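Q: Join the two chains, each given in its own frame, into one complex according to the hints.
Listed here are the chains, written in short residue letters.
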Amino acid sequence: MKDLKEKNETKDKYAVRPIVGEKRAFATGNEVVAWAALAADADIMYGYPITPQNEIMHYWTRMSEKYGRGFLQTEDETSAGFTTLGGVLAGRRSFTATSGPGNMLMQESMCMAEMMRLPTVMIVQQRGGPSTATVIYSQQEVNLTCFGGNGEGFRIVYSTCSHQELFDYTINAFNVAWTHRFPVFVLGDGYQAKMREPVTMYDPRDKGITMVPTEPYVLKEGCAGVDREPQQMRNTYNTEEELNEVVEGLNAAYQAVIPQVVKHEEYACEDADYVIVAHGVVTRAAQAAVEYFREKGLKVGHFRPVTLRPFPGEAFRPIADRAKKILVAESALGQMRRIMTDTIYGCSTPMVNFFKPGEGISTEEIIVKVEEMMAEDK
Amino acid sequence: MAQKILRIVIAGEGGQGVQAIANILSEAAYNKGKQVLYIPNFGVEQRGGVSIAFMQISNGPIDTMKFAKADIVIALSPRSVARTAQYADKRTLFVYDSSNEIDETSLPAITKKTMAIPAIDIVKTEFHPIVLNIFVMGAVIGVTKVVDLEAAKAALEDKLGYKFAKNPSLREMNFAALQRGMQEVGA
Numbered sequence: 001m002k003d004l005k006e007k008n009e010t011k012d013k014y015a016v017r018p019i020v021g022e023k024r025a026f027a028t029g030n031e032v033v034a035w036a037a038l039a040a041d042a043d044i045m046y047g048y049p050i051t052p053q054n055e056i057m058h059y060w061t062r063m064s065e066k067y068g069r070g071f072l073q074t075e076d077e078t079s080a081g082f083t084t085l086g087g088v089l090a091g092r093r094s095f096t097a098t099s100g101p102g103n104m105l106m107q108e109s110m111c112m113a114e115m116m117r118l119p120t121v122m123i124v125q126q127r128g129g130p131s132t133a134t135v136i137y138s139q140q141e142v143n144l145t146c147f148g149g150n151g152e153g154f155r156i157v158y159s160t161c162s163h164q165e166l167f168d169y170t171i172n173a174f175n176v177a178w179t180h181r182f183p184v185f186v187l188g189d190g191y192q193a194k195m196r197e198p199v200t201m202y203d204p205r206d207k208g209i210t211m212v213p214t215e216p217y218v219l220k221e222g223c224a225g226v227d228r229e230p231q232q233m234r235n236t237y238n239t240e241e242e243l244n245e246v247v248e249g250l251n252a253a254y255q256a257v258i259p260q261v262v263k264h265e266e267y268a269c270e271d272a273d274y275v276i277v278a279h280g281v282v283t284r285a286a287q288a289a290v291e292y293f294r295e296k297g298l299k300v301g302h303f304r305p306v307t308l309r310p311f312p313g314e315a316f317r318p319i320a321d322r323a324k325k326i327l328v329a330e331s332a333l334g335q336m337r338r339i340m341t342d343t344i345y346g347c348s349t350p351m352v353n354f355f356k357p358g359e360g361i362s363t364e365e366i367i368v369k370v371e372e373m374m375a376e377d378k
Numbered sequence: 001m002a003q004k005i006l007r008i009v010i011a012g013e014g015g016q017g018v019q020a021i022a023n024i025l026s027e028a029a030y031n032k033g034k035q036v037l038y039i040p041n042f043g044v045e046q047r048g049g050v051s052i053a054f055m056q057i058s059n060g061p062i063d064t065m066k067f068a069k070a071d072i073v074i075a076l077s078p079r080s081v082a083r084t085a086q087y088a089d090k091r092t093l094f095v096y097d098s099s100n101e102i103d104e105t106s107l108p109a110i111t112k113k114t115m116a117i118p119a120i121d122i123v124k125t126e127f128h129p130i131v132l133n134i135f136v137m138g139a140v141i142g143v144t145k146v147v148d149l150e151a152a153k154a155a156l157e158d159k160l161g162y163k164f165a166k167n168p169s170l171r172e173m174n175f176a177a178l179q180r181g182m183q184e185v186g187a
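These protein sequence lines are chains A and B, in that order. Our numbering puts the last residue of the first sequence at 378; the count rises by one with no breaks. Our numbering puts the last residue of the second sequence at 187; the count rises by one with no breaks.
Chain B on its own, in the form it takes in the complex (with noise of 0.2 Å):
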């Protein structure tokens, strides 16, 4: 409890990559000396149904497994917004995909800040929905500092070395989804 905590939930359609995220993520922040818990959260299916992944960073030990409320919560789906409200209140950054129609209602009433990126929209049309998930990865990083652009390429060459080593093409483009999704965010 005495140490800050950040608080990160990711959701999105099953297969829309969220775990990837967190998962590349966290190994960036553990690398750069944070302490850190990810549990990726999901149904018993294989694709479709609603993952989530919970992370938490921090300088200090993490006491807690489970968290209430959120710091930053990224939802990618319209069913991941309806999910993911509950973990918004009035110090969270609520950042959602506009590129389909959101029932206004779902979202959280109270926020810190509630932030449209259409993110589906800008890498179907500027890259390819491949890199969808690399995308809200720079965007979370934009918003989080957790790690910077360099530690976030290096983690991505960590995971994905052995597909850029087959075809060069795709790590520009996974670089440039990178710094899209940060720029996207304002960062």
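Isolated chain A, as found in the complex (with noise of 0.2 Å):
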């Protein structure tokens, strides 16, 4: 307990800053995750080894060490979920990462984060599926990410596309979860994992981003009950009732937060007769086929969901109403295209599917499928 509680004042250890200025590097994504979360004063990394996730624990316990951080390999992802919680409860800056089957077991856990409120971050480079796979690329952990386990999906899921945003938004889930409250994911994919790529990493003080301090949920000083209110840390019910009431508290708690987390970007999107609709890494090809037919002066456009949840709904639907037709491209069958047409629920537009679960997409491809509904159009 005096132990704990000189750890939590002693923060002076993180006066040692990992990044001084800013350093560009041209480094793998996991490289990219395990600094960011350093830059971001994380406290104690809990994980278990699975590809293509695992350089991210390989850089961190190399590093950690040097910072004064923690690290505990668990014996398996069930275990270094829960182990995830423990960390967030004794009020620490803790984080997780994962892929493909562990994500799966990690699910228990994190459903136990909305029910409690635990600012839990996690990192998911998603590898193929169903089952174990492939360990290269895929988008198919949307499901899983956004609505995994018995919850009802009271969580923020990030969708990256580069190096640079897995080092931002890893420092910013930090800041997300210990200001909401609410479990927040990183999801990344094995291209961002293993790829090599430029990217600029930074202190975030230098950035004017403070750090949102942390603190215990339990062994709080003082008597409970005498000193104050006593912790009641709960996750199991007796009464249909009672649950229904806290489950309802959930929601209202995460919808209120939904405004200030929801993220989307628009490219050419306000007169696009053909709007192309991706996240991930494959909004990146999306991005270079809106460059390819606006130089032909032809009106098409790209809307990416930033948060897969809360999906971007309300932004998305005066531009799906809008176009002619929309191109949903993933690779995963539809599985970010359940979540997207729930949110413009009546909208009549065409929708035409370029799914390719467990592949990459490439521009030309995007370029191919665009100019086929132009075709059929005209």
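Simulated from the structure, these hints should not be mistaken for laboratory data. Here the structure is a predicted model, which means the values were calculated and not measured. Glycine residues also receive a C-beta, built at the ideal position from the N, C-alpha and C atoms. Misleading hints may appear alongside valid ones.
Claimed, not checked - Only pairs whose alpha carbons sit at most 20 Å apart, straight line, appear in this in silico DMTMM-like list of lysine to aspartate or glutamate:
1. A/K296 <-> A/E371
2. A/K263 <-> A/E314
3. B/K4 <-> A/E364
4. B/K69 <-> A/E364
5. B/K4 <-> A/E291
6. A/K325 <-> A/E372
7. B/K145 <-> B/E184
8. B/K4 <-> A/E295
9. B/K69 <-> A/E365
10. B/K90 <-> A/E365
11. A/K325 <-> A/D271
12. B/K34 <-> A/E22
13. B/K69 <-> A/E359
14. B/K90 <-> A/E364
15. A/K296 <-> A/D273
16. A/K299 <-> A/E364
17. B/K112 <-> B/D89
18. B/K4 <-> A/E365
What the hints assert, rightly or not - Take a look, some chain B residues computed to stay more than 10 Å from chain A by CB distance:
19. A85
20. I130
21. Q179
A: Following this line, the structure appears as structure tokens:
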């Protein structure tokens, strides 16, 4: 107890900054995530190895000791998820990272985090599915990451598209989590995990970003019921009515958070007849396709949901209504599309699916699809 | 799309050092101020299975991870030839190792140029099998000109310097294999 208290108060070790000034690097995405967590003053990572996210752990273990941070490798992902919750309960800025089957095993703990409003941070590097499938790439962990487990999806999921975003959103994830007290996920993929591309890393303080302070949920100072309110942490309830009230309360809190966190990007959507919807790395191909068509004077736009949960349906609705046709491109069989169509219920704009489960999507392929749509309309 | 992006696919059996070539080469290009995007692609095996490196090098931003067709394909085994034929079209230089017998029908039907080099035989007789990937890296540099010989040597020194320090003859052999690879493709 004393030790814990001391640790909570001793933040001096963070005086040694892992990144000084702007640091340009040519790195893998996994390396970038580990650096971002260090720069964000993360206290501890809990994890269990699974490709393609292993190097997040490798880099974290390599660097964490130097900067006085913690690491615990558990016996499996179920345990890694729950120990991450434990770290949060102790007031530590805690995170974990996983992929595929590991993501599934962590859902039980992430549901508990939803129920108890615990600000966990989890990095997911999507691999191919179902099951073991490939270690390479996919966008097939959207269902799981947004709605996994028996919860109601009270979580925030950022779908990144580059190393720069992996860095930026990993830092952001800790602040969003500790501000709103819902679990936050950074949804990358095997490409982003393994590929090397240039990135600019920085100390968040130099960018005017203040890390939201953490606080312990348990082992607080003073005597419970005398000096302070007792802490009641529950995830088990006895009656239907009691549970219903709790879940309605969680929902109300979540709905209030949505406008503050929901995020999207638009590329030439204002007058677009054809709108490409894509998330994650596929947005890069979609953006390049828009550039190609706009150079030819053709009205093609791109809508990119950055948060998949909550989905930016309100922003998408008028764009979808105005368009002649929508092309949905994703490396899964419509996992994002299902979320998207739910938010624009009643929209009558025809949609064309370009689904490549477990496989990357190129700019050229998107261009061909859009040209096919245009030809049909002639 | 506006910028010309050089797209390279290097494929071989797991353990042949394909990813090492791509790593060293992409770092060398990055150090020369290029934009580089390199994706290693492999299965769950530690050894065996076809290992592919997808590299894109450009002076401007690189928009897409995945590409359909490459400017240069280098395939180091019969299975790699079969796997990578799909990345070739009329603008592709397709280089394959001819030390092993190749099923001619697995070669891409249309390329800009198809080039057979007996890479494994050359390194076996002139050097040592361990420098196969460095020889191939020389060949890649020879056909792509993405970096010059000096930059490639510097990148090798950076990656393997600690080995060279223990055994300087390794440096000589690696540099010789690099140059031999360039020479084999006429650079």
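Q: Between B/K4 and A/E295, does the CA-CA distance stay at or below 20 Å?
A: At roughly 16 Å apart (the allowed maximum being 20 Å), A/E295 and B/K4 satisfy the hint.
Q: Taken at face value, is the distance from the CA of A/D273 to the CA of A/K296 at most 20 Å?
A: With a Cα-Cα distance of about 14 Å, the restraint between A/K296 and A/D273 holds, given a limit of 20 Å.
Q: Sort out whether A/D271 lies within 20 Å of A/K325, counting only the CA atoms.
A: holds (13 Å)
Q: A/K263 and A/E314 were given as a pair; does the straight-line alpha-carbon distance stay at or below 20 Å?
A: holds (11 Å)
Q: Taking 20 Å as the top limit, are the C-alpha atoms of B/K4 and A/E365 close enough?
A: Roughly 18 Å between the alpha carbons, so the hint for B/K4 and A/E365 holds.
Q: Would the pair B/K4 and A/E291 pass a check requiring their Cα atoms to be no farther apart than 20 Å?
A: Holds: B/K4 and A/E291 sit about 15 Å apart, inside 20 Å.
Q: Are all C-beta atoms of chain A more than 10 Å from that of B/Q179?
A: Holds, because the least Cβ-Cβ distance between B/Q179 and chain A comes to about 25 Å, which exceeds 10 Å.
Q: Does B/K145 pair with B/E184 here, judged by a C-alpha cut-off of 20 Å?
A: With Cα atoms ~14 Å apart, B/K145 and B/E184 stay inside 20 Å; holds.
Q: Holds or violated: B/K90 and A/E364, Cα atoms, limit 20 Å.
A: holds (16 Å)
Q: Does A/E359 sit within 20 Å of B/K69, going by the straight-line distance between their CA atoms?
A: Holds - the C-alpha atoms of A/E359 and B/K69 are around 15 Å apart, at most 20 Å.
Q: Over 10 Å from every CB of chain A: does B/I130 meet that, or does the non-interface label fail?
A: Check passes; 24 Å lies beyond 10 Å.
Q: Quick one: work out the minimum CB distance from B/A85 to chain A and report holds if it exceeds 10 Å, violated otherwise.
A: Non-interface label on B/A85 holds, nearest chain A Cβ at 17 Å vs cutoff 10 Å.
Checked against the numbered hints given earlier, this structure breaks none of them.
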